[in-house]
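> Protein chains in written order, with the numbering used here: chain A, 1 to 184; chain B, 1 to 184.
Keep in mind that the hints are not guaranteed to be accurate.
Straight-line distance between alpha carbons at most 20 Å, and here's what the computed DMTMM-like set of lysine to aspartate or glutamate pairs gives [claimed, not checked]:
id, chain 1, residue 1, chain 2, residue 2
1, B, 178, A, 163
2, B, 178, A, 171
3, B, 183, A, 163
4, A, 183, B, 94
No lab work stands behind these hints: they were computed from the structure.
These are the residues of each chain, in order.
There are 2 protein chains.
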Amino acid sequence: MSKMKIYSGAYVILNPGSVVWVTAGDGMSDGVFTVTWNMPVRKEPAMVAIECSQNHHTYQFIRKTGEFAINVPEAKMVNAVLGCGRVSGKTGVDKFEKFGLTRDKAEKIKAPLIREAFANLECRVSQVIDMGSSALLLAQVVSTQVDEAHFVDGKLSFDNGLELLHHLTGDQFCISSKVLVGKV
Amino acid sequence: MSKMKIYSGAYVILNPGSVVWVTAGDGMSDGVFTVTWNMPVRKEPAMVAIECSQNHHTYQFIRKTGEFAINVPEAKMVNAVLGCGRVSGKTGVDKFEKFGLTRDKAEKIKAPLIREAFANLECRVSQVIDMGSSALLLAQVVSTQVDEAHFVDGKLSFDNGLELLHHLTGDQFCISSKVLVGKV
Chain A
1 MSKMKIYSGA YVILNPGSVV WVTAGDGMSD GVFTVTWNMP VRKEPAMVAI
51 ECSQNHHTYQ FIRKTGEFAI NVPEAKMVNA VLGCGRVSGK TGVDKFEKFG
101 LTRDKAEKIK APLIREAFAN LECRVSQVID MGSSALLLAQ VVSTQVDEAH
151 FVDGKLSFDN GLELLHHLTG DQFCISSKVL VGKV
Chain B
1 MSKMKIYSGA YVILNPGSVV WVTAGDGMSD GVFTVTWNMP VRKEPAMVAI
51 ECSQNHHTYQ FIRKTGEFAI NVPEAKMVNA VLGCGRVSGK TGVDKFEKFG
101 LTRDKAEKIK APLIREAFAN LECRVSQVID MGSSALLLAQ VVSTQVDEAH
151 FVDGKLSFDN GLELLHHLTG DQFCISSKVL VGKV
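Just chain A, with the same shape it has in the complex:
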């Protein structure tokens, strides 16, 4: 996989509503968990929203650093997506190792990026909305890279076998890989 930086259009990657991995870390330790509830909230400069439980082991790193990364998996990574949602980092398990995920260094934040994700969005939290046991985080996207095989002319391309993974519930997901063009 060969990833390229993009300087606009990060929202395009999240538009279709894929499930994502969120990573965070402080340079000493780190963690990863799976997030179904994510979306863009501004095009340019890009902003995103994610909803996450304040109980997540990894959430402490987001609180401490104000940073996280969104890592977008292809459908073939479904078991690692489910696993990072099912297993808690509090168990002491290294979920990266357990689920075959490789840490890459981010450009602008301390969180690790997941090499096996086809896109990585580095984010800095700008607002935290307390939802009780969970928090809605609004964040600026400060750096974005995407597999050049799957992002062509500013759009996601399915020509090279990209399959997006969407969470249904529990261990069930659905996949999208076919483009439909609307007409008005």
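For this one, chain A is given, so just place chain B on it according to the hints.
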């Protein structure tokens, strides 16, 4: 299509990240527009977030009533989904009529529901986060109905031909209709 009320699990309908129609009205007049950026933010009692431009003709009804409905289309409605995003209600056009959408009466809110959507979520705004030209609306889901052919045992079912529609960018969408089960 035969819709049934459901009293829990509304978030399951939005989990996979479909594009939706948002409707609003004051009992005298109404409108509809297409929203790519939507997600659940709480399971029970269900809450959702949608991002919408404050310029939308229909947004005035949301401000006035504090209410809107989320209407989830199947992929076969792609042209009406694109159309309701492309055409402004400010033109005076009745987008329901223009794009073949039928108004149904909601149970608890003044907004019309779209009969052709396979699911309708009636929502009351609880918080507005000003994002400049757009607003992030957090809302309680106060009533939910879903096509009983496509929602079985608390889950979306693809056994009867359901195809979900996800927005990519511009006039391009992708569709999901195939379930993938993860294993840990």
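> Please go over all the hints and tell whether each is borne out by the structure.
Hints versus structure:
1. For the suggested pair residue 178 of chain B and residue 163 of chain A, the alpha carbons sit about 11 Å apart, so the restraint of at most 20 Å is met.
2. In summary, the hint linking residue 178 of chain B to residue 171 of chain A is supported, as the alpha carbons are separated by about 14 Å, within the 20 Å threshold.
3. Only pairs whose Cα atoms come within 20 Å are accepted, and residue 183 of chain B paired with residue 163 of chain A is accepted, the gap being roughly 18 Å.
4. As the CA atoms of residue 183 of chain A and residue 94 of chain B are separated by approximately 18 Å, the hinted pair is consistent with the 20 Å bound.
In the structure shown, no violation is registered for any of the earlier numbered hints.
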